[in-house]
Amino acid sequence: MATTRNDKISSIIDGKRVIVKKPELLAPAGNLEKLKIAVHYGADAVFIGGQEYGLRSNADNFTLEEMKEGVEFAKTYGAKIYVTTNIFAHNENVDGLEEYLRGIASAGVAGIIVADPLIIETCKRVAPEVEVHLSTQQSLSNWKAVQFWKEEGLHRVVLARETSGDEIREMKEKVEIEIESFIHGAMCIAYSGRCVLSNHMTARDSNRGGCCQSCRWDYDLYEREDGEEKALYSENDAAFAMSPKDLKLIESIPRMIEIGVDSLKIEGRMKSIHYIATVVSVYRKVIDAYCEDPADFKIKQEWLDELDKCANRETATAFFEGVPGHEEQMFGEHGKKTAFDFAGYVLDYNEESKIVTLQQRNYFKPGQEVEFFGPDMDNFSQKVDKIWDMKGNELEAARHPLQLIQFKVERPLRAHNMMRKELVSRP
Amino acid sequence: MKKPELLLTPFSMNHLKELCEAGADAFVIGEQRYGLRLAGEFSRNECKMAIKTAHEYGKKVYIAVNAIFHNDKVDELNDYLSFCDKAGADAVIFGDPAVLMAARESAPNLPLHWNTETTATNYFTCNYWGSKGAKRAVLARELSMDAIVEMKEKAEVEIEIQVHGMTCMFQSKRSLLGNYFLYQGKSLEIENRKDKKNMLLHDVERNNKYPIFEDENGTHIMSPNDMCIIDELTEMMEAGVDSFKIEGILQTPEYVTMVTSLYRKAIDLCAENTESYEEKKEQWLNAIEQMQQPHRPLDTGFFFKETVY
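Order-wise, the sequence lines are chains U and P. What the first sequence shows, in full-length UniProt numbering, is residues 1 to 427, in sequence order. What the second sequence shows, in full-length UniProt numbering, is residues 1 to 309, in sequence order.
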């Protein structure tokens, strides 16, 4: 559905202002299981990678068969699938592109996320039913360039991560096109697409999925004068680093909704199931709560706490709320371990016996404090009592990956709920 | 054999004259408000003078308008482009489609060269920008000679490549040097170093030193080596590549002038007599090697290097 300038953001219903233009919540998925989790936990759309032409050559990535299954699954929940096809292609990548795009189209994918005009034009020609979304790799930073891509027939543009809220507002006012913007996750510190550090340092092509994240390494800063090099750091100083804190715009979601941003995007096709479930469900709750009652909306502490449970780096608001300074970078530190770990995936809950059946995803044992969470429930914690395998044998601990385990849980659960445990030895 | 244009990046008006004498055919100039990583800063007035002087010598001048623009500068583009047009610039270099849009409105007859530096990686996309109005595509530096030859064969636009000097590896909008000094509690260092582009990042593991500097467009990190293919011009000239650029940024004007005169000789001889060129090419390479600063070795960039992904 195309956005129009006259799109109403809100209406007064029964004397109360509500948001009528709810943005899409767009989640990443590195494989089919993660795709299903993202949908269960509230994503309106999921972006995935195919076997080629995407920017995460190390990620699992989907075969055409898996794409089809993902699309079918998403459809039953009214969700859409987009495929990232955002390399800057070289001559050798031209062959096979048409077939690849026809395959994506036949899988029923709603759109592709593209940077290279080669792929944009080829898609328009051989798979016109597939929407074309401009990738952040194009570093789209101004309204006039947005206008250019609109005139080229694109359905949606993903903005550069360097754009501010005010700039996005102006783009929405001046151009009728869907705008997708990042709300959460890791970021390039360079303008995306304008960095070839990997090519130079490791002969891996960053713009074709080979990025080795050289920007996150430590460097020593020197100045060179009259042929002499002088260190610009003291012995106790951290090394020069370019690592940005991860993006977290939870508190800016109301502003993004009021601006009319069409799609709110979570980064992370390489992230875990636990991460995707946690982040998607929090933002689902934030968006729904704001849209229902913007006047009385407040960010709940429990949402912030929840996001912290899967964070592995510090977070910041980057360019959306202003110009990021040194406090939005990481010096002398390389991320922290997550505080919580995914321990079990709920398959079934018997209301009468109060026995949960779950699939073990990490070690846990009786006596341990665990927390349950899910898309449509409030989190709760309890101590694990006796645990059994499916034959009724009592177990000392849940040691085996994917083993089915049963135990008593006082409050009701549903399939797809998750169990997490606090990590004992936190650094 | 057809001679490619020899394209230079002058530091100043005087340097431009020197380079005209040394054998340059064309120049990239501009100001950092609109152009990326320029060797020198040319105000509007200086652009006019540079164009006048270059044209007297029969040389061309291209004005760089290839920054990544945010809304705040977009409204200035029409005015700047009509200035470029009226001043008689032979082309404007752009990367951001906003420039293309503004040029259609305000300077429809001004030739455009497409240059994003890193994203001109296939012939189709060069031709795409050609169909949108670009007359020339400036290829990414991360391409092999084989890929360049194929692009030249299939391109409907002029093809420009860099043959010498450092290349940009990274551009961030963030003030990464300033942030580092602030983090260290040395905010004074920022003002002190504003215009001194003499900082280096040491990559101890690879024993590389990457120049790094900040300007209005953010933080830029440059390659540790200077590419040089003065001894490998034949294939690129036989392919008919239209323009050879010598990048002067962060070099001295004297160095750039010397290198220009050597490439002038090399191109002329290669066009007239390939065998003689083959005999003399080592000599020129050695001459350039003599001029290199010790921390900047020469290499052949990505011309003969395979990149995986």
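Derived by calculation from the structure, the hints in this document are not laboratory data. All of these numbers come straight from a predicted model, not from anything done at the bench. Mixed in with the good hints there might be a few duds.
Stated by the list, open to error - Calculated lysine-lysine pairs in the PhoX-like style (CA-CA distance at most 20 Å, straight line): (1) P:K132 to U:K150; (2) P:K48 to U:K124; (3) U:K230 to P:K186; (4) P:K197 to U:K230; (5) U:K8 to U:K36; (6) U:K230 to P:K194; (7) U:K124 to U:K150.
As the list claims (entries may be wrong) - Here are the simulated distance ranges between beta carbons: (8) P:E21 to U:E98: 33 to 43 Å; (9) P:D79 to U:E92: 40 to 50 Å; (10) P:E21 to U:V126: 52 to 62 Å; (11) P:D79 to U:L423: 24 to 34 Å.
Ideal Cβ placement from N, Cα and C applies to all residues, glycine included.
- Message: Need the list of violated hint numbers for this structure, in ascending order.
- Response: Checked against the structure, the hints that fail are numbers 2, 5, 8 and 11, while the rest are satisfied.
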